[in-house]
Amino acid sequence: MFIDNWLIITLIVLLPFLSFGIIPLLKKMGDKSIAWITVLLSGLVALFVFLLIPDIYATGADPITAQYNWVPTIGLTFDIHIDALAIFMAAIASGIGFLVVLYSTKYMEGEKGLPRYYALIMLFIGAMICLVITDNLLIVYFFWEIVGLCSYALISFNVQDPSAAKAGIKAFVTTRIGDIGLIIGIFILYLGFQTFSIQDIITTLTNADTVAFNDLMVYVAPAGFFFILGAMGKSAQIPLHAWLPDAMEAPTTVSALIHAATMVNAGIYILARMAPVFVYVNGWPTTLLYLGGITALVAAIMAVVEPDLKRLLAYSTISQLGYMVFAIGLVLNLGNGAVDLQGVFISQYHLLNHSVFKALLFLCAGAIIHSVGTRNMYEMRGLKKEMPKTRWLMLIGVLALAGVPIFSGFWSKDMIFAGALEHELWIPLALVVITGVLTFAYSLRMYFLVFEGEGNRKHAVHETPNVMLIVLAILAVGALASWILIQTFSMGFEVFGLGTHTHYLGDFVSETFTSAAFGLTVLALGLGFVLYWFRNSLKNNMISQWIIKWGRTGFGFDRLYNNIAVGVKEVALKLRRFQTGDANLNFIGIVLLLIIVLIMLAYQGVF
Amino acid sequence: MAIEIVQTNLLFGFILLGMGLYCVLSKKNLIKMVIGLEIMSKGAILAFVGFGGLSVQAYVVVAIAIEAIVAAVALSIIVNVWKHTKSLDITDMSRLRG
Amino acid sequence: MLVLLPILMLIAGAYVAFIAGKFSPGNQKIAGIMATLFSGIAFIGALILSGAIWNQYDSNAVQFLGLNIQTDILSYTLGSTTLTMDPLGALLTLVATGLTLVVSVYSITYMQKESRKEYFFPLMLLMVAGIAGIGLSNDLFTLYVFYELMCITSYILVAFKKDKWDSVEAGMKYVMLSAAGSAFALFGIALVFGQFHTLDLVAISGMEVLSTPLAGIAVMMLIIGFGVKAAIVPLHTWLPDAHSAAPTGISALLSGIVIETGVIILIKSLMIFRGAINFGELLIVLAIITMTVGNLMAFIQLSVKGPDLKRILAYSSIAQVGYILLGLGLGFAYASDMGFRGGLFHIMTHAFMKGLAFLAAGAIIYRIGTRDISKMKGIGYAMPITSLAFTIAALSLAGAPPLSGFMSEWMIFKAGVDVSTTIGGWGIVISIILLLNSALSLGYYLPIIKAFFLKPTRKWKGIKEAPTLMLIPIIILTAITITLGIWPDIGLRVIEPVVRFLMGGVI
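Protein chains in written order, with my numbering: chain E, 1 to 607; chain L, 1 to 98; chain A, 1 to 507.
Think of the hints as simulated: they come from the structure by calculation, not from any bench. Any given hint could turn out to be false.
Unchecked claim - Label pairs and their in silico Cβ distance ranges:
| hint | chain 1 | residue 1 | chain 2 | residue 2 | range |
| --- | --- | --- | --- | --- | --- |
| 1 | A | 487 | E | 535 | 52 to 60 Å |
| 2 | A | 12 | L | 69 | 47 to 55 Å |
| 3 | E | 286 | A | 487 | 37 to 45 Å |
| 4 | E | 516 | A | 285 | 25 to 33 Å |
| 5 | A | 285 | E | 25 | 29 to 37 Å |
| 6 | A | 285 | E | 574 | 19 to 27 Å |
| 7 | E | 550 | L | 84 | 54 to 62 Å |
| 8 | E | 565 | A | 22 | 30 to 38 Å |
| 9 | A | 425 | E | 47 | 32 to 40 Å |
| 10 | E | 573 | L | 35 | 33 to 41 Å |
| 11 | A | 285 | E | 110 | 55 to 63 Å |
| 12 | L | 84 | E | 565 | 45 to 53 Å |
Backbone N, C-alpha and C fix where the C-beta goes; we use that ideal spot for every residue, glycine too.
Let's have the full structure, built from the sequences with the hints guiding it.
Rendered as structure tokens:
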């Protein structure tokens, strides 16, 4: 290498944050220059990240490590440990980040507050990369919160719109509640291992003898479940999912980058990263199987009845994230310290495909909404004449989402079915297969509602501008072909112990088409098609009506959140009555505290 | 001997403190409340005095001086209250609440 | 002699500012400029002393600010008594003088329309002199005297705008409750004296407690006495009134440092009974009540008609004191160094971020003349820098990274989880309560930010960005809030000696 790896990593870490500081200062240069400067900067970041890929995805590769002394007083170091998983997530964040910024040059043209937009996007990319490449759990949490902050700020990007501001607050508070799990899990692990380093934790645990292992499990077991809570918030698993559909108030580019391709994957990432530790915990994989399966199913039902294009995509994202959580649940403790981490690989493989096709779908949806001016699919109709190129590109995304053979979503979904089938997990398998049926149904519904039929529009609709089309085309190629990376991809994961074997491309194709899971896929697609075809006759019975009614109100989860907020408010109102403003009453505080302290001291046995 | 004095003084100190507390809890007149406060601090000073010794004298004198200043400040604020409302009844003075 | 520099400068500054203000009625700003000058010198003194503390505790340390400071400057013999600056005092003095410096600059403009400035600035400096004195005293009675100096000046400052009813009523309630608290504190000190026949903290630290019940009563009296100033629930009732009615600079000082001084003086006096009574657990329970009530009350303010911005900030101060108390309580109860570190670092970060929040809010109030949030819709477009600064302060208060509030809060979370080795699941429960509180605090900070940037409901005619002299302190505090977030080491260097000092338990 002619450039030192350390230098590249330092640039990757620093460049986005420097951009965040600099971009707002360039306000005077005009929005257009800022946009293209950001394209350049994010392109550079992506380039640096991609430069590291060959070093990692090679036979017998070593992780790339670096260390920065951050807070020496308390011994907090910013350790960097880049392995296959880390570089892959970083590549997704920076690569899709770059494409989204490129797309934004046209899409966001003329919006107010663009310097803020681009600065936040750069901050987000930087924080996301740092989140995945660091080895220190505390720093993971630090950046975990920063991406949450970016998400909040970008959802509320249109600050003058009260609903956008409200959605931002909802997203921030809900994910914050999930984060409680993560931080407590991290600190519990620290109690057991006296280190924040993920690699040290894994090494200690795998090398421990039986006694030490059992001692450590006392900490690992609760930590595992706290980590799941953390992932639930960020990766929008039920019941902490309701912020994601509301987050669609954000500009579509933000939805594509943050709420489809990267940030929502942070939860999946942390579970995958920690799977080598938590796989030993009894019930941890099973919890993930059911959590993921149920989330996938419920979100798919909501997607089937959703009239709003972006919210539909959001529900579909939740559903697909459910698949990924499910896939991590396929990890297996074989006993005697042996583990099967194939599930981690499967989930990341699906994550790769999903990031690409979901970004494509969101950006297509953005282009459509941009030109039609509504998010309601029933008001779109018949766009295939006006936006033919967009239509074909979106069709690729839809087919990939639905899991139609040879499109990218198919391969990973098939792998998930195969995994569940192999371990004979019948109920979870049923959950994901039914989800597959519904996925095909809502994909068809979305496509036909938007592009087929007859639309009556007052104003003319234009085809997507070229800059945006280029981005869409790149992503469409990805949605067609990202699965081909399997050989390199699985090799990298195998080398770093996160997968069982390398899938050679030829074998992989033939295996997939001959496995029993392929039958399930075909079945799911067939049933999905039937479901869509007979949608009108299926709609009129009681149960369907009930599902439609409930699904459109988010199955009451929003009401649940509301009730909690109202409950807190009522407690506070009761409390407020004590602040009467009466001067005598202030002294009752003294008497009260006297009693409290007396009781506690008596309890301690002082008197 | 010392123990007895200490206990009597502490006892009376507590009684004064309690009386003062009762006063500020129940009286509606600002001046009476300030008197209550003064009784409370006299209780504290009495508790101090009981322990005897040279340093205590110094402490007590300083403490009394501080009490006087606090009383002066309290009364000066009460003068301003009077200027605003022409009343010293605290039931009229609960505009800040919640 | 250098150890006396901060307090002497503050007292001298009070006289100079008074005389300068009194004898130059033509020049309105002179008192403020003098106050700035002298608090600046006091701040430099405090910086040097902090450097000496760091050197004393870490001889291998890199030289503080490039200077190798002798540690013998930390004590000064005056007649028969020796005044020594301990690490806790150094921390307190540093934060207090730093905040005073920016508040003085800010108040030059903010108080421009007010009369009697020649009283305002001297009183402010005397209040801080009281705090510096608390940092310097190793004798419980001296501590009490300086504490009263701080209290008495703050009474007058709260009621400073005597032609406004709010100030008078708030001042009246404040002086009543606080004076009652002082009586309890004095009683507690008397009981300490009864136990040990001395009030010298160094001497006491080696002694055994005579009677545990009496010690228990003393602890109770001290908690109630100093708890009033620390705004421990249920002794907090004076705070929302006083903090919202006081002139903004004073609100910033009250929230930023005065109530924290209450906490510090509380723990400094309670440490006497460290061996005899586990008051750490008491502090934990009180802390949990305090932060929950503070956050809930702040949260409900938004549902009130015409929510008062300063009142929300005041309630949030109660919650933040809860965090501080929790950290310190965990430290005392279970010897958790992370608890001490988090609590003390939170004292520092809170001083600056809450100071910033109040100053930014004050600048907005100065321009539009109301504290009502519903009348501030879209103020962010008229006063972008101030609103951005407030946003940063609010996010930091809510514990969002990469801001300073996050850095201190996670340490307290960690302390909670750490002690679960001693008390089992309860440690985790404590942490969860704290984290839920932190999430709840987002619920009232974010709507304020939202209101600032909504579509303006009225034309901001004639409303400009805050005046330069008010903007400079705001920008400085913003810089500190961000810097302590991404480079906490500079703050922790001042904290670390205090942590070791509290862990060691010697004075």
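A quick look at each hint next to the structure:
no. : hint                      : result
1   : A:487 - E:535: 52 to 60 Å : holds (59 Å)
2   : A:12 - L:69: 47 to 55 Å   : violated (21 Å)
3   : E:286 - A:487: 37 to 45 Å : holds (44 Å)
4   : E:516 - A:285: 25 to 33 Å : violated (60 Å)
5   : A:285 - E:25: 29 to 37 Å  : violated (49 Å)
6   : A:285 - E:574: 19 to 27 Å : holds (21 Å)
7   : E:550 - L:84: 54 to 62 Å  : holds (59 Å)
8   : E:565 - A:22: 30 to 38 Å  : violated (54 Å)
9   : A:425 - E:47: 32 to 40 Å  : violated (49 Å)
10  : E:573 - L:35: 33 to 41 Å  : holds (36 Å)
11  : A:285 - E:110: 55 to 63 Å : holds (56 Å)
12  : L:84 - E:565: 45 to 53 Å  : violated (40 Å)
When held up to the earlier numbered hints, the structure conflicts with 2, 4, 5, 8, 9, 12 and fits the remainder.
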